[in-house]
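Colleague: Starting from the known structure of chain A, fit chain B onto it as the hints suggest.
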Amino acid sequence: MSNNRDENNLIGGDVSGAKRTNNILGDRIFRIVLTLCAALILVIVVAMIAVMTQSSWLSIKEFGFGFLTGQTWDPIKGEFGALPFIYGTLVSAILALLIATPISVGVAVFLVEQAPKKLARPMAFLVELLAAIPSVVYGLWAIFVLAPLLRVYVQPFLQETLGFLPFFKGTANGIGMMSGGIILAIMITPIITAVVRDVLEAVPVTQREAALALGATRWETTKIVLANANSGIAGAIVLGLGRAIGETMAITMIIGNRPEISASLFDPGYTIASVIANEFTEATGDLYLSALIEMGLILFLVTFIVNGLAKLLILSVARRTA
Amino acid sequence: MDKRRLTNTIMTTLTAVCAFGVITILVFVLGYVAFQGISSLSWQFLVQTPKPVGEGGGIGNAIVGSLILLGLASLVGIPLGITIGTYLAEMGDGWFGTIVRFVADTMIGIPSIVFGVFVYAVVVLQQGYFSTLAGALSLALIMIPIVTRTTEEMVRLVPKSMREGALALGAPQWRVTKDIVIPAAMSGIATGAMLAVARVLGETAPLLFTAFGSRFYNIYLDEPMASLTVQIYNYAISPFEEWHAKAWAATLVLVTLILFINIIVRFLTRQKY
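Chains A and B supply the protein sequences, listed in that same order.
In this text, residue positions in the first sequence follow numbering that gives the first Met the number 0: the first is 0, and each later residue adds one.
In this text, residue positions in the second sequence follow numbering that gives the first Met the number 0: the first is 0, and each later residue adds one.
Isolated chain A (complex conformation) (with noise of 0.2 Å):
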């Protein structure tokens, strides 16, 4: 601010001291107003915390935090408890998460260290594609695609030859949490791989070069190179669960949609996203409401935590290389 005044000093032969006035006045307004704008999204967060609290206080006065270890959801009997759903949740996103962390950092490391240019920069527009692909059509798909493929081809097949793990037990019937954790697996691959990226072509050439010039293979260097780049790997992963947990159109179509815990992968589950879409037009009466309310609650508190941390992870690389 003090240098803007010494500028305007500097010129200020034929500037009147009327003019100088309005435009350090103007400077100021227009620095109040766009911090008051840039307060309304601190305002909103904190408004969706107080509201959601709120209207879900009758809940949570009623359960406490039985509410999270709670195994029985009847709205009948105005008794709700979201384990079943947290389970649930955790369970297709730790799925999903075990799919597309290999894959995803495998197609990273393809487009930044391997591919020619040439061809990274179309293959890395296609594979952002993926992520702009609306999650209601990727639930039709696993519907009438994914589900019929899983049915009559790959669980006969898992049941076969790993049928003694407790995973794969149970009837083969495509729909249920395999699917669910696959179809979020694609969905999250293409935002895991988005920052494996950055972070990959944030570490320096010189690194690369070193390990050339000591006869490293290609996948060694890159191994150094992933060495380096682990703690934003871990953060893209981060970033993919929180995705995972918080996606909703696509996995209710696929999952299931019943409050059971079940070790087989086979069988449906439900997530608390998924509860949310599928029963809030439906509730009756305040404290099932309040109820739905407070799992949002509980999915915002926890995607807000997690997106903190990967971003926190995803930063301290950009630290230390820079």
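Treat the hints as calculated values from the structure; they're not laboratory data.
Accuracy of the hints is not assured; some may be wrong.
Okay, the calculated bits of chain B under chain A, using three or more residues with CB under 8 Å as the criterion [as the list claims (entries may be wrong)]: (1) 53-66; (2) 99-110; (3) 155-165; (4) 183-191; (5) 221-233; (6) 253-264.
Under the rule of at most 30 Å between Cα atoms (straight-line distance), these lysine-lysine pairs were calculated in the BS3-like manner [unchecked claim]: (7) 159(B) - 177(B); (8) 310(A) - 168(A); (9) 310(A) - 2(B); (10) 116(A) - 2(B); (11) 222(A) - 310(A); (12) 60(A) - 222(A); (13) 76(A) - 60(A); (14) 116(A) - 310(A); (15) 222(A) - 2(B).
Built from N, CA and C at the ideal position, the CB exists for glycine as well.
Modeller: Chain B alone, transformed into the frame defined by chain A:
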């Protein structure tokens, strides 16, 4: 071939398989949508309203509804996002800017359905009915942080020398930002805004209990409003084969619109960066 080289060949091949595999999935999904959708696509389908099973019907009102929701959301979300992004780029280096940037970033990752829940509690519950305005508000909330972040990036790309030149000529800060910096970054900001539009065009979850959906053409802002995505969802989860075909056709329309925006943005930005 020694062991190191063998590992090298295997791993580099595997990464290539990952990359081409992911793109194959994209082609498979898009190809399937095109293949399934094209057969039910007709002029009637694009202009008619939904009808009971067996009587045809279409998605005309849903297309109009999506455009109205999108227009309203953009009216709020884009200017606000640009303003906040400009703040972050031009004067956001202090502690306050850091917090706002962090919160905006984190907000991008908040599930869209949560915005729906929030708007339901604030608007729908108070008014007692689903409305276009509520739907548009939930979409606007999703747009704000996205536009904010792309705007900040674009404004930061404007060279310092341009600002210094204008300041040296005696222009006050606010005119430098408004008349020099923003116009210079405008095409980048516009593409960012377009991407945000494409993103909310595909949103379903926040509309389920805000705009809700409707079977009629509607222009009233205090009434429920149809949208392409919710219509697709309703068609998709129905037990009728005829409606499934309609879901695919509507999906083809939606995906075409979204890809169209994405590809245009790609071409606009290609020459520059």
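Colleague: It remains to establish, for every hint, whether it holds in the given structure.
Modeller: So, going through the hints one by one against the coordinates:
1. 53-66: violated (count 0)
2. 99-110: holds (count 11)
3. 155-165: Result for this restraint: violated, n = 0.
4. 183-191: That given contact is violated, which follows from only 0 residues of the stretch 183-191 of chain B lying within Cβ reach (below 8 Å) of chain A.
5. 221-233: Coverage by chain A holds here, the residue count being 3 at a Cβ distance below 8 Å.
6. 253-264: As far as the stretch 253-264 of chain B goes, the hint holds, because 5 residues have Cβ atoms under 8 Å from chain A.
7. 159(B) - 177(B): The hint holds at about 15 Å.
8. 310(A) - 168(A): violated, 39 Å
9. 310(A) - 2(B): Roughly 39 Å between the alpha carbons, so the hint for residue 310(A) and residue 2(B) is violated.
10. 116(A) - 2(B): holds, 29 Å
11. 222(A) - 310(A): With Cα atoms ~23 Å apart, residue 222(A) and residue 310(A) stay inside 30 Å; holds.
12. 60(A) - 222(A): violated, 52 Å
13. 76(A) - 60(A): Given that 30 Å is the threshold and the Cα spacing comes to 17 Å, the pair holds.
14. 116(A) - 310(A): Judged against 30 Å, a Cα distance of about 28 Å means the pair holds.
15. 222(A) - 2(B): Cα-Cα ~16 Å, so holds.
Taken one by one, the earlier hints fail for this structure at numbers 1, 3, 4, 8, 9 and 12, listed in ascending order.
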